[in-house]
Amino acid sequence: MTAVPVWRKRNRREALTVWLGWIAGILLFAWSWKAVSDATMWVFVADAHIQAADMLSRMVPPRWSYMERLWRPLWDTLNIATLGTLLGLAIAVPVAFLAARNTTPSRAFARPLALLIIVSSRSINSLIWAMLLVTVLGPGMLAGIVAIALRSIGFIGKLLYEAIEEIDPTQVEAIQATGASRLQVLTHAIAPQVMPALAGISVYRWDINIRESTVLGLVGAGGIGLQLMASVNVLAWPQVTMIFIAILATVVASEWLSAKVRHAII
Amino acid sequence: MQVSADDLLVLEGLSKRYPTGDRALRDVSLRLPAGQVTMLIGPSGAGKSTLIRCVNRLVEPTAGRVLLRGEDVARLPASGLRRARRRMGMIFQEYALVERLTVMENVLSGRLGYLDFWRSTLRRYPADDIAAAFALLERVGLGGFADKRADALSGGQRQRVGIARALIQSPEILLVDEPTASLDPKTSRQIMRLICELCAEKGLAAIVNIHDVALAKMFAQRIVGLRAGEIVFDGPPADLGPDILTRIYGEEDWTAARETDEDDADERPEDPLRLAEARA
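Protein chains in written order, with numbering that gives the first Met the number 0: chain H, 0 to 265; chain V, 0 to 279.
There's no promise every hint is true.
[As the list claims (entries may be wrong)] Cross-link-like lysine to any residue pairs, in silico, SDA-like; alpha carbons within 25 Å at most:
id	chain 1	residue 1	chain 2	residue 2
1	H	Lys259	V	Gly34
2	V	Lys147	H	Thr169
3	V	Lys147	H	Val260
4	V	Lys147	H	Ile166
5	V	Lys147	H	Ile264
6	V	Lys147	H	Pro195
7	V	Lys216	H	Pro168
8	H	Lys157	H	Ala235
9	V	Lys185	H	Leu197
10	H	Lys259	V	Glu98
11	H	Lys259	V	Arg99
12	H	Lys157	V	Glu11
13	V	Lys201	H	Pro195
14	V	Lys147	H	Lys157
15	H	Lys157	V	Pro32
16	H	Lys259	V	Lys216
17	V	Lys201	V	Pro32
18	V	Lys185	H	Pro195
19	V	Lys147	H	Asp206
20	V	Lys147	H	Asp46
21	V	Lys201	H	Thr134
22	V	Lys147	H	Pro168
23	V	Lys201	H	Arg261
24	V	Lys147	H	Leu185
25	V	Lys147	H	Arg261
26	V	Lys216	V	Gly155
27	V	Lys147	H	Asp167
28	H	Lys259	V	Lys201
These are computed hints drawn from the structure, not numbers from a lab.
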């Protein structure tokens, strides 16, 4: 009689480790749940549905007439998002070329510096950038635009340098082989390959920036957030609803537009 | 090695060791007279691609000299290398066209070595270059394709664009890396024939890497066999018998392969491109 061959994906020890890992994970979750529960005042949660229903009843109907005072801040919001994206793009593109392994002029110096710029931009939320900038530049749209731009550098820079690293190297070789200079290789072999990615990333970031710029007003950096803050402060719930509707419509419109643009480019 | 006046390209003691430690080329010496089409055969990993890329320094050789009309390309600084590369047209296995650009832009990119940065960026190519590009497209059988995007073409058509891009450089030599490896047998022959005809018309020399021994024998004036980074055969296609093939590739029943070679040879006159050209 021949022995039936035995095959297992994991040996005993590995299987045991995986099981212990799962048990540890479940214990951690249970412990966290308890910690959260202890820190929650359940008295408040108990009547949450009553509170929510109460707030909703105050919020409807929206105060439609308030809209005429929202056009201007809404326009500001769009401008903050668009100008911020453009400014971010202008800085992010060179940074991405410095960060990509295959285009950086120096791996020892330029690349780490570019990566540092990208990481620091990404690690700070635009609302926090805006808070800092309102202190530096004073309240208003400029602080909002710069905040959006600073946050966009990291996002666009990271996605773009990854796209640059993924280009087809033989197309680059082919252009080098014609006797083209480094800059010509950039414009004739690398740029055509990353253009669709760049267009897609920019439109996507613009879309995100519209949403982010609606809250910048909370810290005084211009846009519709200022009206939202003021309305919440005076408990003018019908106005808050109106602002929500305006923001929702803008976001939906921007998503529709960016989908169209991306489709047209790619 | 004595360099004589009619040698276009002379390789002397060319060696390449990759950072991984692989010795792709070991002390290769070769001289190519102007106008000669040499086919480089050998098993995968024998160093064929490395050899071609060491000539125009897409791969930096570790040792040896690459003399193009007596000038050592391996020692040239960046600006000199650009000028030397203009004189060497390269054709690639996977065509290496810039996929998102049009056929015309791809062909004209062969002139980049002659243009300054702003002119090329604004796509303001000299009228002579544009006329040359149209003439070449017509010659490779792609008249009317100028405004098509490269990624809309078939494999054979793309390789024709690749050929036009190499030729518009007005090179003295073509470096051709597996031009037919991604093509079907019939298109392969058409492409090889086109390359060889153009070399004859313009008096160009060529080094052609090729896997297909039958195709090499059909079109080569000279065959060089490479094995493990060393030249193990150098002679006319007629000398390429079973014992030589064994020396290059290792033990195999080569007689079976030879019979199909002869079948292939019978098909030649049926080639549609050839007929089309005969009519034209």
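Practice task
Provide an ascending list of the numbers of those earlier hints which the structure does not satisfy.
Solution key: 1, 7, 8, 9, 12, 13, 14, 15, 16, 18, 19, 20, 21, 23, 28
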